[in-house]
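Asker: Chain by chain, the residues:
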Amino acid sequence: MRDVFYLAWRYLLFHRFKTALLILAIALIVTLPAGLQTLVRKGERQLRARASSTPLLLGRKGSPLELTLNALYFRTAVPAPVSYAEVDRLAATGLADPIPLYVRFRAQSDKIVGTTLDYFSFRGLRLAAGGQMARLGDCVLGSAVARRRGLKPGDSVISSPESVFDIAGVFPLKMHVTGILDFADSPDDHAIFVEIKTAWVIEGLGHGHGDLKKPELASGVLKKEAGNIVANASILQYNEITDDNMESFHFHGALDAFPVSGILAVPPDRKNATLLMGRYQDAEQRLQILQPIQVMDELLVTVFTVQRFVIAALVLVALATLALAALVLLLSGRLRRREIETLHRIGGEKTRVGAILAAEAVLVTVAGLALAVLLTWITGLAGDELIRLFLIRA
Amino acid sequence: MSSGFEATAGSSVQLEQVRFRYRGSDFLLEVRELRVEPGEHLAIIGPSGSGKTTLLHLIAGIRLPDSGRVAVDATEISSSGDGTRRDFRIRNIGLVFQEFELLEYLTVLDNILLPFRLSGALPLSREVRERAASLAAEVGIAHRLKQSAGCLSQGEKQRAAVCRALLTRPRLILGDEPTGNLDPANKGLVLEILLRQARESGATLLVVTHDHELLPRFDRVIDCKRFYAGPPSGSAEAQP
Numbered sequence: 000m001r002d003v004f005y006l007a008w009r010y011l012l013f014h015r016f017k018t019a020l021l022i023l024a025i026a027l028i029v030t031l032p033a034g035l036q037t038l039v040r041k042g043e044r045q046l047r048a049r050a051s052s053t054p055l056l057l058g059r060k061g062s063p064l065e066l067t068l069n070a071l072y073f074r075t076a077v078p079a080p081v082s083y084a085e086v087d088r089l090a091a092t093g094l095a096d097p098i099p100l101y102v103r104f105r106a107q108s109d110k111i112v113g114t115t116l117d118y119f120s121f122r123g124l125r126l127a128a129g130g131q132m133a134r135l136g137d138c139v140l141g142s143a144v145a146r147r148r149g150l151k152p153g154d155s156v157i158s159s160p161e162s163v164f165d166i167a168g169v170f171p172l173k174m175h176v177t178g179i180l181d182f183a184d185s186p187d188d189h190a191i192f193v194e195i196k197t198a199w200v201i202e203g204l205g206h207g208h209g210d211l212k213k214p215e216l217a218s219g220v221l222k223k224e225a226g227n228i229v230a231n232a233s234i235l236q237y238n239e240i241t242d243d244n245m246e247s248f249h250f251h252g253a254l255d256a257f258p259v260s261g262i263l264a265v266p267p268d269r270k271n272a273t274l275l276m277g278r279y280q281d282a283e284q285r286l287q288i289l290q291p292i293q294v295m296d297e298l299l300v301t302v303f304t305v306q307r308f309v310i311a312a313l314v315l316v317a318l319a320t321l322a323l324a325a326l327v328l329l330l331s332g333r334l335r336r337r338e339i340e341t342l343h344r345i346g347g348e349k350t351r352v353g354a355i356l357a358a359e360a361v362l363v364t365v366a367g368l369a370l371a372v373l374l375t376w377i378t379g380l381a382g383d384e385l386i387r388l389f390l391i392r393a
Numbered sequence: 000m001s002s003g004f005e006a007t008a009g010s011s012v013q014l015e016q017v018r019f020r021y022r023g024s025d026f027l028l029e030v031r032e033l034r035v036e037p038g039e040h041l042a043i044i045g046p047s048g049s050g051k052t053t054l055l056h057l058i059a060g061i062r063l064p065d066s067g068r069v070a071v072d073a074t075e076i077s078s079s080g081d082g083t084r085r086d087f088r089i090r091n092i093g094l095v096f097q098e099f100e101l102l103e104y105l106t107v108l109d110n111i112l113l114p115f116r117l118s119g120a121l122p123l124s125r126e127v128r129e130r131a132a133s134l135a136a137e138v139g140i141a142h143r144l145k146q147s148a149g150c151l152s153q154g155e156k157q158r159a160a161v162c163r164a165l166l167t168r169p170r171l172i173l174g175d176e177p178t179g180n181l182d183p184a185n186k187g188l189v190l191e192i193l194l195r196q197a198r199e200s201g202a203t204l205l206v207v208t209h210d211h212e213l214l215p216r217f218d219r220v221i222d223c224k225r226f227y228a229g230p231p232s233g234s235a236e237a238q239p
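Residue numbers (numbering that gives the first Met the number 0), protein chains in the order written: chain A, 0 to 393; chain B, 0 to 239.
What the hints contain is simulated information worked out from the structure, not anything from laboratory work. There could be a bad hint or two in this list.
[Said to hold, decoys possible] Mimicking SDA-like on lysine to any residue, the simulated pairs with C-alpha atoms at most 25 Å apart in a straight line are:
1) K349(A) with G80(B)
2) K349(A) with A184(B)
3) K349(A) with L123(B)
4) K349(A) with C150(B)
5) K349(A) with G119(B)
6) K349(A) with T83(B)
7) K17(A) with C150(B)
8) K17(A) with G119(B)
[Stated by the list, open to error] Covered stretches of chain A, going by a simulated chain B footprint (3 or more residues, C-beta under 8 Å):
9) 7-19
10) 343-356
Beta carbons: idealized from backbone N, C-alpha and C, even for Gly.
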């Protein structure tokens, strides 16, 4: 038997390009459905785990999926905002603790999540290094962000403008890193957390600049009317909040009217949750309250349906590929007729000559399956990251 | 280094009242009687399509006659089953083909060892490998053993094919125009190797050749024309 496999091996090695193509074809037709299955299972686990740990979510009426993905996975598709007054209104019901979220801005590819310190205790996030954000302009980094950027407490992160061409828009804000979160195996690892007021500063709702009442900045005054001082363009806004300029930072307008993209509602028990949901069921309401797990389950039903279609298509592709592989082997057999005749004429046993050809097919199939197992395993290893890539970083 | 061609007894070959026709063809080969003595060196000549290759195939048991008797030594080739004939062939008959029939995906050494890899009855021992190397050295291709058969010149390929045919110490060597594709220098060389090895081992040698200059070097020459009983030559050449 060793000789049979040796001769088969030599043939495959000599025709390595053809062999590699066959192995790859077999590996792919096995890996694609298996890998897809693995990814879907991991995706389901991740989606459900995050959603089931989030009891209720309040936001502007609109797409429940968009609101859920933004609040839970920090997707950048920003739902229509609600005012901060809704946070207070929710707290006033006494049915749940509100945690505001403002997920809109980025620092390069990383999401900036404006929230309160309650978010960290709600998610069970712990600091691996440094301390919590304590003042305007501070930020805490998710473990993956810190690792990827090589940042540590004391370093800084600069927010990115929403649009390169929006010169009148948001100024970049240099934020101080006060702490790094422990690895949480969740979207929190990929986020930069700031106090919600810092998010408003990034949006331009709050800012800091030199005191126009001071004589040395008199040339920057455009006009004074009814106690208001209007500055000209020579007065620069600060893009970093420091001990020296902290006092100069202020907000224009009522904080209650400032935006949040969603509010996590954490009721103490199921009864309070039910009561709270009832309050927002009114058709006249401009708000919607969601159970994220239900939203995710609906999404997963769609995903599984699509998966079934994709797998059915892959099975058809696999059959076509197998038919092509069989054709290649058949044509190869025709091309090798003379060689096979030679083996017979020398006196090779009929079964042994057949076994050599079969061994070639076995080796290619085994190699293809082994590669498929390897690729599926790699897909499994990279699965979590791939899902985050599609869900979070997209 | 010892010679790879130790003496063995040659085989006798007998054909009696043999008739063979290719299916769907009017080619007909008739051999009333042909006897080849052990150790005899026989040249087979004849025009294209006269059945020279067919005759060798009948003797080797690659093809079976429609009627009549083919025997090599005491083995009745014409009445043996396929497995028996293959087994007999690989153990006792060395075949050299005009087109060399080396497998280009194997090294020269593996090509020479091929009969041992194709038969469970022939164990591939260290001694066999040494004999293969010895044979290769004898015919001047020892330095090519590790190379692919596709890298050899025509002359070297035929010498490798001769080594493959002789590795099993065959009692009968059948050469089907083994010099047909070679230049004059290699022609003489390959025939010389075959004759010498057959002489040294005592094997019976049957060689199909078109080259009349080589005929004086054989014990006997037979013209296949006398066995041919079909239509004019040319029509059947493609079949054999």
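Asker: Would you mind marking each hint as holding or not holding in the structure?
Answerer: The hints, checked one at a time:
1. For the given pair, K349(A) sits about 12 Å from G80(B) by alpha-carbon distance, which is consistent with the 25 Å threshold.
2. Pair hint K349(A) plus A184(B) does not hold up; C-alpha atoms about 38 Å apart against a cutoff of 25 Å.
3. With a CA separation close to 19 Å, the supplied pair K349(A) and L123(B) stays within the 25 Å bound.
4. The suggested pairing of K349(A) with C150(B) is violated, with an alpha-carbon distance near 29 Å, which exceeds 25 Å.
5. Distance hint between K349(A) and G119(B) is fulfilled; the C-alpha atoms sit about 11 Å from each other, no more than 25 Å.
6. Between K349(A) and T83(B) the alpha-carbon distance is near 11 Å, which keeps this suggested pair within the 25 Å criterion.
7. Of the supplied pair hints, the one linking K17(A) and C150(B) holds, its CA atoms being roughly 21 Å apart against a limit of 25 Å.
8. The hinted pair formed by K17(A) and G119(B) fails the criterion: a straight-line CA distance of about 29 Å is larger than 25 Å.
9. With 5 residues having a beta carbon nearer than 8 Å to a beta carbon of chain B, the stretch 7-19 of chain A meets the requirement of three or more and the stated coverage holds.
10. With 9 residues bearing a CB less than 8 Å from a CB of chain B, the stretch 343-356 of chain A meets the requirement of three and the coverage assertion stands.
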